[in-house]
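K.L.:
Construct the complete structure from the given sequences, taking the supplied hints into account.
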Amino acid sequence: MPLSTRSQDGDEGCVLAAALDNVRNLSNILKAISFKDHAVFTATRDGLKVTVEDSKCLQANAFIQTDVFQEFALREESVGFQVNLTVLLDCLAIFGCSSAPGVSTALRMCYNGYGYPLTLYLEEGGVVTVCKINTQEPEEPIDFDFCSTNVTNKVILQSESLKEAFSELDMTSEVLQITMSPSQPFFRLSTFGNSGNAHYDYPKDSDMMELFQCTKTQTNRYKMSLLKSSTKALALSCKASVRTDSRGFLSLQYLVRSDDGQICFVEYYCCPDEEVDEE
Amino acid sequence: MKFRAKMIDLGCLNHFTRVVNTIAKLTKSCVLRLTPDNLYFVLSGKVANGGVSMWCELLQVNFFDEYQMEGLSPEANEICLEVAPENISRALKTAQNAKAVKVKLTKKHCPCLTLSAELPSLSSISRVVTHDIPVEVIPRRLWHEFKEPTVPDFDVSIYLPPLKTMKNVVDRMKNLSNILVLEANLGGEMNLKIETDLVSVTTHFKDLGNPPWGDSASQSRSQSWDPEAMAHARVDVRKLQQFLIGQQINPSKAMCNIVHNRIVHLILLQEDMSLQYFIPAVA
Amino acid sequence: MDCVATGGNVKVLAKAVHSLSRIGEDLYLEPLDDGLTLRTVNSSRSAFACFLLSPLFFQKFHVSHGRGFRCKMPIKSVQAVFRSLSSLERTVEKCHIELNSEKSRLTFTLHCKHGLLKTHNLSFQDCESLQAVFDKERCANVLQAQPRLLVDTVLHFPPSLEEVKASVTADRLLLKNHVENDADQAKAMRTELCLSSEEFLHFSVSAPTSITFCLKELRVSDGVLVFAESTDLPVSMHFDEPGSPVVLSVTDSVLEANFVLATLSEDSHCNHDNGHKKRPRTPPPADDFMCDDMDSYLIAMETSEMAGPSSRTEPRSSSEREQEEEQRPHSKKFCSFFFGSVLPTSSQTANQTLQNQDVLASDSEDEQ
Chain A
1 MPLSTRSQDG DEGCVLAAAL DNVRNLSNIL KAISFKDHAV FTATRDGLKV TVEDSKCLQA
61 NAFIQTDVFQ EFALREESVG FQVNLTVLLD CLAIFGCSSA PGVSTALRMC YNGYGYPLTL
121 YLEEGGVVTV CKINTQEPEE PIDFDFCSTN VTNKVILQSE SLKEAFSELD MTSEVLQITM
181 SPSQPFFRLS TFGNSGNAHY DYPKDSDMME LFQCTKTQTN RYKMSLLKSS TKALALSCKA
241 SVRTDSRGFL SLQYLVRSDD GQICFVEYYC CPDEEVDEE
Chain B
1 MKFRAKMIDL GCLNHFTRVV NTIAKLTKSC VLRLTPDNLY FVLSGKVANG GVSMWCELLQ
61 VNFFDEYQME GLSPEANEIC LEVAPENISR ALKTAQNAKA VKVKLTKKHC PCLTLSAELP
121 SLSSISRVVT HDIPVEVIPR RLWHEFKEPT VPDFDVSIYL PPLKTMKNVV DRMKNLSNIL
181 VLEANLGGEM NLKIETDLVS VTTHFKDLGN PPWGDSASQS RSQSWDPEAM AHARVDVRKL
241 QQFLIGQQIN PSKAMCNIVH NRIVHLILLQ EDMSLQYFIP AVA
Chain C
1 MDCVATGGNV KVLAKAVHSL SRIGEDLYLE PLDDGLTLRT VNSSRSAFAC FLLSPLFFQK
61 FHVSHGRGFR CKMPIKSVQA VFRSLSSLER TVEKCHIELN SEKSRLTFTL HCKHGLLKTH
121 NLSFQDCESL QAVFDKERCA NVLQAQPRLL VDTVLHFPPS LEEVKASVTA DRLLLKNHVE
181 NDADQAKAMR TELCLSSEEF LHFSVSAPTS ITFCLKELRV SDGVLVFAES TDLPVSMHFD
241 EPGSPVVLSV TDSVLEANFV LATLSEDSHC NHDNGHKKRP RTPPPADDFM CDDMDSYLIA
301 METSEMAGPS SRTEPRSSSE REQEEEQRPH SKKFCSFFFG SVLPTSSQTA NQTLQNQDVL
361 ASDSEDEQ
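Residue numbers (UniProt numbering), protein chains in the order written: chain A, 1 to 279; chain B, 1 to 283; chain C, 1 to 368.
Each computed PhoX-like pair below joins lysine-lysine, with the alpha-carbon atoms no more than 25 Å apart:
1) K11(C) / K94(C)
2) K187(C) / K28(B)
3) K113(C) / K232(A)
4) K239(A) / K228(A)
5) K167(B) / K132(A)
6) K25(B) / K93(B)
7) K193(B) / K31(A)
8) K164(B) / K193(B)
9) K239(A) / K163(A)
10) K132(A) / K193(B)
11) K108(B) / K6(B)
12) K232(A) / K56(A)
13) K206(B) / K167(B)
14) K187(C) / K25(B)
15) K49(A) / K228(A)
16) K206(B) / K132(A)
17) K46(B) / K187(C)
18) K108(B) / K187(C)
19) K187(C) / K93(B)
20) K223(A) / K31(A)
21) K76(C) / K223(A)
22) K232(A) / K36(A)
23) K99(B) / K6(B)
24) K204(A) / K113(C)
Calculated directly from the structure, the hints in this document are not laboratory data. Every value quoted in this text rests on a predicted model; they were computed, and no experiment measured them.
P.N.:
This is the structure:
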């Protein structure tokens, strides 16, 4: 429908109304966490949080802060709903994914509350697409209870060097083992595949290492299949923080800078793999 | 029957290649009709190919520097061949920077369209690549099946939006649904819609304009059509998607005629070629 | 064994491994006094490839196991060490290869920019020596070209195509797709490409001949072509009569690569050749293009009598049929293999020429 009419019906009953000049700022980051179909959207005064989970062992949260949006109006303290992320991504990319300069798709999204679809108005070059995506009641996200006071070890790296390692991971290995230690090997990624094992060692004085705070040697294994899904977010990011807490839970945080310089975060929590065999 | 043609101009070669590539995407097999003035690629709608039909007409003088043919007889001065356009497309692909390309009708191990390209080489002697594309010669008694289709008596005729945009939209809609509704009215508006259990999506195009068809007979229905009302057709998304690959030939005009609930007739026009494609509506 | 490659040579090593991976599944590694050999063979044993990297290729080259140590491992696992070829040059400064035969481990250590250290411990199996028997020096025909020429040539043939026939005369090379005489193939497009001898760096044909080999394997040898291109080295093609292998080789002062491809043997080749002769020969394409006389090319055809091509149903040799029944993935008609020369470890000798071996084993089933 013409843009004039949609503002009205949009703003009338909208619990959540948000607008973006360039839909890519949203779609890129959502694409990075689209390893499962279902995503829970939670809008608060701070912005939009999108949560995707896998096997009760992995949780990804993308944070798109309010100031990424040109408009962000929320009628309630917090609004939550669940949608099919794959469908949403197809809708956001309806005019193609071209990154040609000067061409961008504007987005306005509205949610009228429980039982209503999420309505997207996309506009590019005078052509308007209206999408109504059915919503479900949000499932309660898992609480990983990862708090910074319990963090044992933490490193912050420039993503570049981690990207290389993740792109080369031996996928025949069931697990990715992460060793963090105040002494050698400092920060080590290991795989144990069909044809042998591999270790990637990052010295603590590497110029890729922005922060190195390891208090205690810790070696934990995480399911490769789970961690692999964080690769897409890593690929978008410029900095990565890797933290483990006293229980061996892993937190990966990626800082993503959008085309126009806006900053978003994607965060992953992962449970350690239970069987730890001594080697 | 004799046929021989030669292309020297690189622009013509590229243009011809794009046309053939488009045809190859639309059909595995079609009829190539050669007449003294034109080349036609024809697919006549049969249930086996989903009921779609295609008519592509090229003005030979605009593509070939030399063009000589002798048809079946002076009265029936045509040649009708069944060919896999994919083969021509592959042959042309290897001829991309050719100094000259020749196409001939030959009899080798079977009747062939022989395409040979003179390619630049590292020495003074050109590199020559020759492709023998098997063809089947269609007997005269079957020629009537490959005549130009008549423009259907449509309800609405409309210019298409930029094909690139339309292709992007249809490609995405294809991810969401197998069936798409194409609708348009005489006020220059066209919508593409899909609807599934999960989502409904509508893309609205406006100010597209409606082509003037003059006094043509095919106007009778549209004259009685309410200008505001949408004529619509549910079609297989894949077929529309295939047609939109034709955006690579960069037509100067693209339009669409809709017979309400019956058929979508798509036309790409350029001064030296035209491509028509018919997609039947599904229930 | 303990050796170190640095700088650009790490990439060359990686490219060598990648090109071998396009042929076989296993990498056979054998350190010798005159360098490190990397070899592979395809499953039907119709293609073999070998790299010899001389001690000078390495910054450090030390063979401590004495003669006769050799091992094999899945190529994929070695490829994984050099996964991102594109970033290799930028990131890897040094590659250390160390063999620990007690632990049966081959360790690749990549020293990368920013202090990143990548260690790959690969397990291996002891194995027999793998050596194809060929003598490229004695081949009657030798062509040498820039790799681009051969890369461009291969591109003209459709990817689905199985076999290609190369004919040489004193002044040119003619390539055609080799089409079988069954009904399916009659509908296939046929392609011919003619290259003048002037396009080659070196063109010496003392015995004009036609050989037929798997295009798939020539594509596989893209490996060698890509390798040659990246190292900017010309490729030589050595061949003789039908049935004896074609050798594609790339050589410089510190390395030598030989890719050996089986060709269709004389018997079956003759059969096919007869098949060709029954058909009306078309004039060679080079002349074809030059000649603009319309009538010599236009053919008279009647729409009514478009019968299929004349009889082309000559019986095929039993070896062909056997090979087909076995449903080999490649080279179903290559009844003669140039291999079979796998020395058991126990009876190994340092002799690389393996003259005592059954060099033309007709049975290709003797795989480990």
